[in-house]
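One line per chain: the protein sequences are U and W, in this order. Note that the working numbering gives residue 6 to position 6 of the first sequence, counting from 1, and the numbers run on in steps of one. Note that the working numbering gives residue 139 to position 139 of the second sequence, counting from 1, and the numbers run on in steps of one.
What the hints contain is simulated information worked out from the structure, not anything from laboratory work. Where hints are given, some of them may not hold.
Identical chains blur together in the list; that is why a pair holds if it fits in one copy or across any two.
Stated by the list, open to error - Distance condition first, Cα-Cα at most 30 Å in a straight line; then the derived BS3-like pairs of lysine-lysine:
| hint | residue 1 | residue 2 |
| --- | --- | --- |
| 1 | K178 | K84 |
| 2 | K178 | K9 |
| 3 | K178 | K49 |
| 4 | K157 | K185 |
All of these numbers come straight from a predicted model, not from anything done at the bench.
Number of protein chains: 2
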Amino acid sequence: MNRVPLEKKVLSENDRIAAELRERFRENNVLVVNLISSPGSGKTSLLEKTLEALPRGERVAVLTGDIQTENDANRLKRFGFPAKQITTGGTCHLDARMIDRHLADWRLEELDLLFIENVGNLVCPSSYDLGEAAKIVLLSVTEGEDKPLKYPSIFFKSELLVITKTDLLPYVPFDINKAEENARKVHPGMEIVRVSSTAGNGLKEWLQWLEGKKKAVHEKAESLV
Amino acid sequence: MNRVPLEKKVLSENDRIAAELRERFRENNVLVVNLISSPGSGKTSLLEKTLEALPRGERVAVLTGDIQTENDANRLKRFGFPAKQITTGGTCHLDARMIDRHLADWRLEELDLLFIENVGNLVCPSSYDLGEAAKIVLLSVTEGEDKPLKYPSIFFKSELLVITKTDLLPYVPFDINKAEENARKVHPGMEIVRVSSTAGNGLKEWLQWLEGKKKAVHEKAESLV
Numbered sequence: 001m002n003r004v005p006l007e008k009k010v011l012s013e014n015d016r017i018a019a020e021l022r023e024r025f026r027e028n029n030v031l032v033v034n035l036i037s038s039p040g041s042g043k044t045s046l047l048e049k050t051l052e053a054l055p056r057g058e059r060v061a062v063l064t065g066d067i068q069t070e071n072d073a074n075r076l077k078r079f080g081f082p083a084k085q086i087t088t089g090g091t092c093h094l095d096a097r098m099i100d101r102h103l104a105d106w107r108l109e110e111l112d113l114l115f116i117e118n119v120g121n122l123v124c125p126s127s128y129d130l131g132e133a134a135k136i137v138l139l140s141v142t143e144g145e146d147k148p149l150k151y152p153s154i155f156f157k158s159e160l161l162v163i164t165k166t167d168l169l170p171y172v173p174f175d176i177n178k179a180e181e182n183a184r185k186v187h188p189g190m191e192i193v194r195v196s197s198t199a200g201n202g203l204k205e206w207l208q209w210l211e212g213k214k215k216a217v218h219e220k221a222e223s224l225v
Numbered sequence: 001m002n003r004v005p006l007e008k009k010v011l012s013e014n015d016r017i018a019a020e021l022r023e024r025f026r027e028n029n030v031l032v033v034n035l036i037s038s039p040g041s042g043k044t045s046l047l048e049k050t051l052e053a054l055p056r057g058e059r060v061a062v063l064t065g066d067i068q069t070e071n072d073a074n075r076l077k078r079f080g081f082p083a084k085q086i087t088t089g090g091t092c093h094l095d096a097r098m099i100d101r102h103l104a105d106w107r108l109e110e111l112d113l114l115f116i117e118n119v120g121n122l123v124c125p126s127s128y129d130l131g132e133a134a135k136i137v138l139l140s141v142t143e144g145e146d147k148p149l150k151y152p153s154i155f156f157k158s159e160l161l162v163i164t165k166t167d168l169l170p171y172v173p174f175d176i177n178k179a180e181e182n183a184r185k186v187h188p189g190m191e192i193v194r195v196s197s198t199a200g201n202g203l204k205e206w207l208q209w210l211e212g213k214k215k216a217v218h219e220k221a222e223s224l225v
């Protein structure tokens with residue numbers, strides 16, 4: 001059975017919509033980041049801490065993907081920023097069309113930063129461009145330092161690695177230097193921040209990274225005027 | 001674009017091969033279990049502890065799936081039982097044909113127990129029957145107690161839930177009773193064991209569960225003679 005051509009068609013259709021989204025994000029100076037990890041690596045917790053740290057006036061919104069539930073959007077709405085759930089109904093990743101559809105009633109010109117929290121999965125989301133400026137992969141210290149070698153595609157395609165749950169390092173057999181070495185084997189020069197959402201370590205570096213990216217997007221937009 | 005018929009065809013072809021495998025496992029009295037979880041939930045660690053606990057004479061083998069590396073088979077071969085890696089080359093689950101192909105040079109009549117360690121993923125493997133007697137889902141205490149609600153398909157289809165890494169319970173905000181309640185919401189009466197592969201807790205219950213299943217398979221085979 002020949003499955004490849006159909007998958008190619010699905011992906012090229014996705015790429016087309018993603019390119020349109022990217023153009024709209026650029027025109028409106030919105031930094032869009034796509035957060036990807038295994039289930040339970042701490043994407044929602046990191047976003048909670050991030051939203052909590054931002055001043056109320058910040059022009060930030062969140063789209064959060066899940067297969068079935070609305071739990072994550074409910075967790076994120078508490079911080080007073082727009083947050084919307086995308087339930088995929090079985091599909092193991094978000095695609096560009098879902099993003100496009102869920103942005104329909106939001107005004108991009110009123111945003112500076114859009115977080116997309118993908119479905120918990122290290123495989124499927126790596127093939128689907130969502131028009132983001134950067135993919136960000138999260139890896140928790142409870143998962144094992146071999147994961148970048150086992151799931152190289154997503155580590156190669158992500159600009160930043162966030163190592164999460166570092167407060168658990170004393171209790172787990174996780175060699176954080178080895179994990180970083182493995183990530184950089186797959187993706188030389190990969191940027192990395194180490195974060196504990198519960199203890200607060202590294203959140204400053206994470207927010208600085210976001211700030212830097214936001215500036216870069218705005219400067220690029222100005223240079224194009 | 002109409003994707004459903006092709007997926008249906010792929011799945012029904014898989015079901016056909018899985019049914020043949022199930023028949024062969026039954027004829028040869030082999031208990032086959034299919035272990036499924038997120039990346040890093042501790043499938044390989046649990047198998048290491050299991051193989052370590054078994055007497056050398058046990059007729060046990062392991063097929064372990066991964067997208068890219070041979071790491072897991074190398075970890076498991078140390079215990080002196082046959083172990084073979086299946087690398088899927090990008091696919092996020094094992095399928096029945098892969099199992100069939102990798103069993104070709106093993107004699108099923110020489111086995112009592114075959115572990116299949118699926119690719120680390122809570123979504124894709126749930127649709128693919130491998131001819132197993134039981135699916136087993138693992139959930140680590142670092143992942144959050146909401147996972148059964150977010151990934152209901154695999155919790156519904158699995159006979160047993162193994163809650164792993166219980167040694168980390170004092171350090172994580174994980175309500176183990178709530179997790180079990182969520183699992184039983186999705187799958188009423190689901191069997192559950194709590195295990196720490198590093199501390200050893202619960203390994204006895206896990207081995208007893210396997211032993212009970214093995215007996216059930218053999219008794220069923222005898223009653224059919």
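Status of each hint after checking the structure:
| no. | hint | in the structure |
| --- | --- | --- |
| 1 | K178 with K84 | between (37 Å within a copy, 26 Å between copies) |
| 2 | K178 with K9 | neither (39 Å within a copy, 43 Å between copies) |
| 3 | K178 with K49 | both (27 Å within a copy, 23 Å between copies) |
| 4 | K157 with K185 | within (13 Å within a copy, 37 Å between copies) |
Hint 2 from the earlier list is the only one contradicted by this structure; the remaining hints agree with it.
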